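Following my numbering, the numbering of the sequence shown begins with 11 at its first residue and continues without gaps.
For the record, the hints were derived by calculation from the structure and aren't laboratory data. Hints are supplied without guarantee of correctness; some may be wrong.
To be verified - Below, in silico cross-link-like pairs of lysine to aspartate or glutamate (EDC-like), each with a Cα-Cα straight-line distance of 20 Å or less: (1) K132 with E118; (2) K158 with E447; (3) K326 with E369; (4) K320 with E336; (5) K122 with E161.
Unchecked claim - Between beta-carbon pairs, the in silico distance windows are: (6) I389 with D297: 25 to 31 Å; (7) T103 with S151: 32 to 38 Å; (8) G355 with D270: 37 to 43 Å; (9) R306 with T71: 42 to 48 Å; (10) K116 with P424: 40 to 46 Å.
These numbers come from a predicted model, not from an experiment. Where a beta carbon is used, it is the ideal one built from N, C-alpha and C, also for glycine.
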Amino acid sequence: MSPYLRIYSKDMKAIIRFFSSVRLAIVLIILLVAASILGTLIPQGRDAAEYAARYGRLAETMVRLQFTDLYRSVWFLGLSGLFGLNIVVCTLTRLGAKVRRVWRPKIESDPKALAAGRIKDKVRLNVGAAEAKGIAVTALSAARYRVKVVEEAGAEGTASGGKNGGGGVGGRIHVLGRKGVEGIFGSDAVHLGLLVIIAGGIVTAAGGFRTDLGLNAGKVLDVPRAGFALRLDKFETETYPDGNVKDWKSTLTVIENGRDVRTQVIEVNHPLVHHGFSFYQSAYGFDWDDPTLEFRIGKRSEAGPGRTMKIRVGEKTALGDMDRTELVVRRFIPDFVLGKNNAPGTRSDQPNNPAALIEGWSDGRKVIEGWVFAAYPNIARLRGEAAADWTIELRNVDAPQFSVIQAAKDPGVPLIWLGCFLVMAGLFLAFYRPTWEIRMTLENAGASAAGAGAKASQEVVVGSADGTGSGRGANKAAETGASEGREASVETGTKANIGAIASNGRSACTYAGKTEITAGGTAAKSRERFEAEFVRVIAGLRRSK
Numbered sequence: 011m012s013p014y015l016r017i018y019s020k021d022m023k024a025i026i027r028f029f030s031s032v033r034l035a036i037v038l039i040i041l042l043v044a045a046s047i048l049g050t051l052i053p054q055g056r057d058a059a060e061y062a063a064r065y066g067r068l069a070e071t072m073v074r075l076q077f078t079d080l081y082r083s084v085w086f087l088g089l090s091g092l093f094g095l096n097i098v099v100c101t102l103t104r105l106g107a108k109v110r111r112v113w114r115p116k117i118e119s120d121p122k123a124l125a126a127g128r129i130k131d132k133v134r135l136n137v138g139a140a141e142a143k144g145i146a147v148t149a150l151s152a153a154r155y156r157v158k159v160v161e162e163a164g165a166e167g168t169a170s171g172g173k174n175g176g177g178g179v180g181g182r183i184h185v186l187g188r189k190g191v192e193g194i195f196g197s198d199a200v201h202l203g204l205l206v207i208i209a210g211g212i213v214t215a216a217g218g219f220r221t222d223l224g225l226n227a228g229k230v231l232d233v234p235r236a237g238f239a240l241r242l243d244k245f246e247t248e249t250y251p252d253g254n255v256k257d258w259k260s261t262l263t264v265i266e267n268g269r270d271v272r273t274q275v276i277e278v279n280h281p282l283v284h285h286g287f288s289f290y291q292s293a294y295g296f297d298w299d300d301p302t303l304e305f306r307i308g309k310r311s312e313a314g315p316g317r318t319m320k321i322r323v324g325e326k327t328a329l330g331d332m333d334r335t336e337l338v339v340r341r342f343i344p345d346f347v348l349g350k351n352n353a354p355g356t357r358s359d360q361p362n363n364p365a366a367l368i369e370g371w372s373d374g375r376k377v378i379e380g381w382v383f384a385a386y387p388n389i390a391r392l393r394g395e396a397a398a399d400w401t402i403e404l405r406n407v408d409a410p411q412f413s414v415i416q417a418a419k420d421p422g423v424p425l426i427w428l429g430c431f432l433v434m435a436g437l438f439l440a441f442y443r444p445t446w447e448i449r450m451t452l453e454n455a456g457a458s459a460a461g462a463g464a465k466a467s468q469e470v471v472v473g474s475a476d477g478t479g480s481g482r483g484a485n486k487a488a489e490t491g492a493s494e495g496r497e498a499s500v501e502t503g504t505k506a507n508i509g510a511i512a513s514n515g516r517s518a519c520t521y522a523g524k525t526e527i528t529a530g531g532t533a534a535k536s537r538e539r540f541e542a543e544f545v546r547v548i549a550g551l552r553r554s555k
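Starting from the given sequences, assemble the full structure and let the hints guide the process.
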């Protein structure tokens, strides 16, 4: 390999290690969780004025950092993409080995390695290797293991477990039983589910939207990007005895081409879904553009508490005095506050500090002008030539409620649901379908003894024609005397050879038809349960003796 290729290969390995790092995954998960918490605490997609009223000077920084539209922000999408890349690289670097383990497992096992394992046992059966193989396969299948078998060739070139059922000399039979193999891919299913969820979030960020619709009873609004309209037929606020809000309910009607197509009551967590758009009951508000204000008005020159009058914004109301004074409310602010340049404004939509700007007119002249406050009746800032003649107090305010409906289109929701299903399936496979393996090596228990007998028999050779011979029989014939000639040597050598063969036959018969099984097991999880099942499988083998 050239130096350039070596450097390139080294750099690629370093890059792969970085992007497949568990440490990187943990850091990204922490950042994404922290960002999601921030996006939950900060309302998303609201008006700049609302953020300014709620967060003050921080609002501008939050908008600049895209905290107010966090899930569409460049940095959040970048973190999500980097996390997705980490998952892809981590999965691909491990997937090949898992695929080979499932579809092309190594069945052959070393008996010494099995005997050195934590979960192991040995069994000797009084049957041949072929029959022992059937017993082992049956025992594993009964325990619902998927079984694979490999037979080695014997020393004489015949496959173990030949016609005689005894197996070739030196040959082995390897048996592999597995269950819960699909559990190997549990983590990969979780990774795939996370990738699908990220993809769904990106699709929603690219093609989805959310907006709030404020609807008064009877009002019709066109839904943005939808091609249909929505009408609020009725809005109800349910409260507890202490006055706290219990529930909001809105009766909505969908209008298409001028016709009512469906009507449904929605409430919190029970949205209306139509043509891919979801309408959620978000909140409620007061229509402060059309409030009814209750005043107590009196003339200082007259005795008594004065009169109570209800006046709407923009309407002129005659006070009934001799000067024919008329009162008009020019402006109403529900939560009065002085902003920049002492300009009056509101801090919220709640009537926390109601204030009304009023004018009094007489004969076409403005004789009264100023602000009156419901919470501070003694701080009425009235001026004009007739201001000292009147006492005007703002006693109560009332405005029609409107329903705040959040319209949302989330094209990535099906992908997110699919991703959640894959994550749950992967967790189930990983924790409740662990991979268990039982490996067995079957050997002819008489193989070593038979081999020794065969070697001994080769030491005995029939005497030669010239009266000499090798082996114990030939030597004995030589001691008897050469006068007995070739026949004695041959006869004696033959007898000795037959004796040796008979002796070897007795040794071989002692082990013939016996098979030794060395078994071992491994489990990814639930080792105690697996060990108990391993013991049951081995006990089944022993019962078959």
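Going through the hints against the structure:
1. K132 with E118: holds (17 Å)
2. K158 with E447: holds (11 Å)
3. K326 with E369: Within the cut-off at roughly 9 Å; holds.
4. K320 with E336: holds (13 Å)
5. K122 with E161: Roughly 18 Å between the alpha carbons, so the hint for K122 and E161 holds.
6. I389 with D297: 25 to 31 Å: Because 27 Å falls inside the window, the suggested range holds.
7. T103 with S151: 32 to 38 Å: Distance hint for T103, S151 holds at roughly 35 Å.
8. G355 with D270: 37 to 43 Å: holds (40 Å)
9. R306 with T71: 42 to 48 Å: About 46 Å separates the Cβ atoms of R306 and T71, which means 42 to 48 Å holds.
10. K116 with P424: 40 to 46 Å: Distance hint for K116, P424 holds at roughly 41 Å.
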